[in-house]
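Q: Each chain, written out:
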Amino acid sequence: MLTLAFRVLLGSAAFSLFLASALAFYHVRRQNTDDAFWSSVLAAGGWLLETAAIAAGLAAWKHSPFESSAWTLLVFIWAATAVALFVEHRFGLPVAGPPIFPLLALGLVAAMFLPIPVERHLASELQSPWVVVHVTTMFWGYSAVGWSCLTGLFYLLQERRLKAKQLSFLNYPFPALYKLDAVGTGLISLGFPLLTVGLLSGFIWAKQAFGSMWVWEPKIVMSVLLWAFYGGFAAMRMGSRWQGRRPAIVAVIGFLAVVLTFLGGILVTDSFHRF
Amino acid sequence: MHLALVGLNHKSAPIEVREGLAFPASLWPSHSSELRNRANLAEVLILTTCNRTEVYAVAARPEDGMAAIQSYLEQIAGQYLAKVGECRTHPGFLHKHFYRFWDMDVARHAFRVAAGLDSMILGEPQILGQLRAAFDVARGAQTTGVFLNQLFRHSIEVGKRVRATTSIGSGAASISQAAVELARKMFGELTDKRVLLVGAGKMGELAAKNLAAHGAATVYVANRTWERAREIAGTFHGQAVSFESLDDRLVECDVVISSTGAPHFVIDQKMVRRAMRARRGRALFFIDIAVPRDIDPAIHGLEGAFLYNIDDLHAVVQANLEQRAAEIGRVEAILDQELARFFDWLLERKVAPLIADFRQRAERIRRDEVERALRGQPGMDEKAKAAVEAVSAALVNKLLHGPTMMLKEWARSGKALGSAELDLAMRLFSGAVAEEVVSELGNGVRELGATREESETSTSFSLLRRRVGEGSAC
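For the record, the sequence lines run as chains A and B.
The first sequence: position 182 = 182 (my numbering), numbered continuously.
The second sequence: position 396 = 396 (my numbering), numbered continuously.
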């Protein structure tokens with residue numbers, strides 16, 4: 001029963017996000033503020049449905065949520081949606097979420113169809129609440145820097161339109177450059193602390209589960225390197241010491257590195273860090 | 001009574017001709033009264049702007065009235081041209097420049113003008129104010145009456161409605177407006193943005209003034225002459241700054257508008273490179289309105305710097321004008337609606353005197369009969385007398401109701417009144433007033449046979465239009 005509820009909630013969340021994206025698209029084309037309002041409502045609704053799905057899943061399979069790809073995907077998408085909504089409302093950037101929502105919705109649909117294992121997968125010594133903290137904060141942190149990559153892309157796109165003097169920007173204005181820049185900075189300063197907490201909780205869990213904090217595993221090494229990279233990036237952006245085009249490019253490259261790390265982790269290695 | 005219009009505009013006459021008739025508003029009253037007497041007009045209103053001179057009138061015989069207006073205007077133009085040494089003014093020299101309308105075509109033209117469809121810049125707002133001014137002056141001089149009052153009141157309403165419900169008047173249509181539109185679209189809101197105006201060019205000043213009005217936090221004004229900077233800054237709460245401090249301002253501001261008369265570059269690459277370094281990459285927008293250009297075009301290639309020149313602003317204006325042109329269809333649809341409303345009013349107005357006359361005569365008859373009856377009954381008490389009055393009045397009203405409604409219905413529907421019906425109308429409503437109104441109705445709808453095929457719209461008002469001469473500016 002709860003399995004069914006789980007799948008239904010995932011499906012409705014995906015649908016909601018699709019609609020939100022479509023309405024946002026119409027908002028940009030027709031400059032109709034009603035569309036923008038309903039788009040936000042639908043996006044928020046989608047996130048609530050995702051949260052409900054997680055709750056249903058936890059109630060159904062009383063095991064840790066990270067023991068299957070479906071779960072991991074769901075939690076990541078849940079974090080990404082939350083950050084999108086945060087960016088939209090805190091920074092007033094209604095175009096932040098909609099380009100990515102279809103992708104997230106597809107992820108949710110995929111999660112609907114992936115198998116959910118009924119028995120516990122993870123060896124007992126690896127069970128711990130710290131796992132939850134670690135993975136959740138890492139996902140939130142990576143979502144934040146992911147969105148900063150998106151705002152960086154928007155910045156570069158808008159800059160190119162302005163340089164090329166394409167007058168279409170008069171009819172379909174993107175957010176202003178200074179705003180995209182400010183949002184990018186804000187996201188990095190949000191993401192870096194989250195990554196810090198994520199790494200620390202990861203070390204604590206490792207100590208509990210394996211007796212030692214550090215393991216020479218490629219994904220862990222890459223994560224620490226990325227953490228250092230984003231730390232430096234955040235420091236340079238603080239106090240408006242570095243603005244405009246170059247930080248935008250760096251934000252994009254940084255997140256590409258994150259994606260490669262994840263993909264590498266899934267495809268290449270064979271350790272426990274693979275989901 | 002017919003509406004009539006004689007005029008010329010920027011499409012029908014070149015500036016050398018128009019300037020002969022561009023007399024100021026102070027002369028409107030005197031010319032109006034003179035014209036009213038000479039041309040035997042019931043009402044007259046004069047409108048002159050830099051792009052048009054028009055005389056709206058109401059006359060019993062429109063052809064005569066229009067000919068008289070035309071010769072009067074030619075006389076004025078001739079006098080002006082003689083003063084400036086041009087002597088090629090023979091009678092009728094303006095004939096090919098005038099357009100002439102009467103009846104509903106006058107209303108259509110007035111509405112088009114009010115909507116901005118006849119303006120040099122489509123949808124411009126100034127014409128509405130100019131129409132209002134002409135109306136006020138004419139009313140003050142008491143040269144208008146019922147018809148022109150209603151026409152102009154309605155036209156101004158139409159102008160407002162069209163601008164509120166369509167985009168015929170929106171989007172920047174001038175260089176300074178385009179500069180403001182560009183800045184606003186780049187930034188979204190201007191509330192904490194700083195603008196720098198360099199130079200004293202008119203368009204730059206207008207743009208800066210507009211940006212200040214839209215909420216820009218600070219507008220700096222820099223000029224080689226301190227006094228001039230202060231003067232300009234004073235007109236819109238700007239802040240005068242010294243020309244030497246330009247470098248610092250470039251670091252501080254977000255938008256730079258330049259319109260000096262200098263023949264060389266006022267802002268060059270070196271300055272901007274220095275400024276961009278100090279700004280650490282923060283974007284800076286330049287709008288160069290000057291010709292010759294004030295700002296080195298190579299700046300557009302620098303990272304973080306964006307330079308728009310007057311050609312780009314022209315392109316913005318062009319794009320906007322094209323969008324306005326796309327709205328013409330919607331505007332024409334609204335004009336058709338409003339013209340139908342005006343037509344209804346006009347017809348009601350035309351039969352009103354007839355109905356009033358008819359009622360008056362009926363009332364006279366009633367009075368006479370009641371008096372005669374009461375005289376023959378000296379002992380009647382007040383209540384009985386009152387009853388007699390009441391009965392007779394009610395009787396008369398009820399009997400008149402039918403024919404009155406019928407007349408209004410005929411007028412409104414513009415149906416073909418055959419000669420039998422016209423005859424009936426004449427007999428029912430007999431009297432001098434009846435003759436005039438009924439014949440007008442008859443004339444109007446006799447055109448039905450001829451013009452119904454020509455007119456594309458089947459609304460009844462098109463049946464009452466006639467046009468004299470060539471050269472319609474519609």
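Be careful, since some hints might not be right.
Residues of chain A placed beyond 12 Å of chain B at every Cβ, according to the derived structure [unchecked claim]:
1) R29
2) I54
3) F174
4) K207
5) V224
Where chain A lies over chain B, by a calculated footprint (3+ residues, C-beta under 8 Å) [as the list claims (entries may be wrong)]:
6) 103-114
7) 272-286
8) 389-395
List time: in silico DSS-like cross-link candidates among lysine-lysine, alpha-carbon distance up to 30 Å [what the hints assert, rightly or not]:
9) B:K202 - B:K11
10) B:K209 - B:K185
11) A:K179 - B:K408
12) B:K350 - B:K160
13) B:K202 - B:K160
14) A:K165 - B:K83
15) A:K179 - B:K96
16) B:K408 - B:K270
17) B:K185 - B:K270
18) A:K165 - B:K270
19) A:K179 - B:K11
20) A:K163 - B:K83
21) A:K163 - B:K185
22) A:K165 - B:K96
23) B:K202 - B:K270
24) B:K83 - B:K96
25) A:K165 - A:K179
26) B:K398 - B:K350
27) B:K350 - B:K270
28) B:K185 - B:K160
29) B:K96 - A:K163
30) A:K219 - A:K207
31) A:K165 - B:K202
32) A:K163 - B:K270
33) A:K179 - A:K163
34) B:K83 - B:K160
I should point out that these hints are in silico values taken from the structure, not numbers from a laboratory.
Note that the coordinates shown come from a computational prediction; the quantities given were computed from them, not determined experimentally.
A virtual CB, placed ideally from N, CA and C, is assigned to each residue, including glycine.
Q: If a hint holds in the structure, say so; if it does not, say that too.
A: Outcome of the hint check:
no., hint, verdict
1, R29, "15 Å, holds"
2, I54, "36 Å, holds"
3, F174, "10 Å, violated"
4, K207, "42 Å, holds"
5, V224, "29 Å, holds"
6, 103-114, "violated (count 0)"
7, 272-286, "holds (count 5)"
8, 389-395, "violated (count 0)"
9, B:K202 - B:K11, "27 Å, holds"
10, B:K209 - B:K185, "17 Å, holds"
11, A:K179 - B:K408, "65 Å, violated"
12, B:K350 - B:K160, "27 Å, holds"
13, B:K202 - B:K160, "29 Å, holds"
14, A:K165 - B:K83, "51 Å, violated"
15, A:K179 - B:K96, "59 Å, violated"
16, B:K408 - B:K270, "80 Å, violated"
17, B:K185 - B:K270, "28 Å, holds"
18, A:K165 - B:K270, "23 Å, holds"
19, A:K179 - B:K11, "47 Å, violated"
20, A:K163 - B:K83, "55 Å, violated"
21, A:K163 - B:K185, "14 Å, holds"
22, A:K165 - B:K96, "45 Å, violated"
23, B:K202 - B:K270, "28 Å, holds"
24, B:K83 - B:K96, "22 Å, holds"
25, A:K165 - A:K179, "20 Å, holds"
26, B:K398 - B:K350, "23 Å, holds"
27, B:K350 - B:K270, "76 Å, violated"
28, B:K185 - B:K160, "26 Å, holds"
29, B:K96 - A:K163, "50 Å, violated"
30, A:K219 - A:K207, "17 Å, holds"
31, A:K165 - B:K202, "25 Å, holds"
32, A:K163 - B:K270, "20 Å, holds"
33, A:K179 - A:K163, "18 Å, holds"
34, B:K83 - B:K160, "40 Å, violated"
The structure fails to meet hints 3, 6, 8, 11, 14, 15, 16, 19, 20, 22, 27, 29, 34 from the earlier list, while all remaining hints are met.
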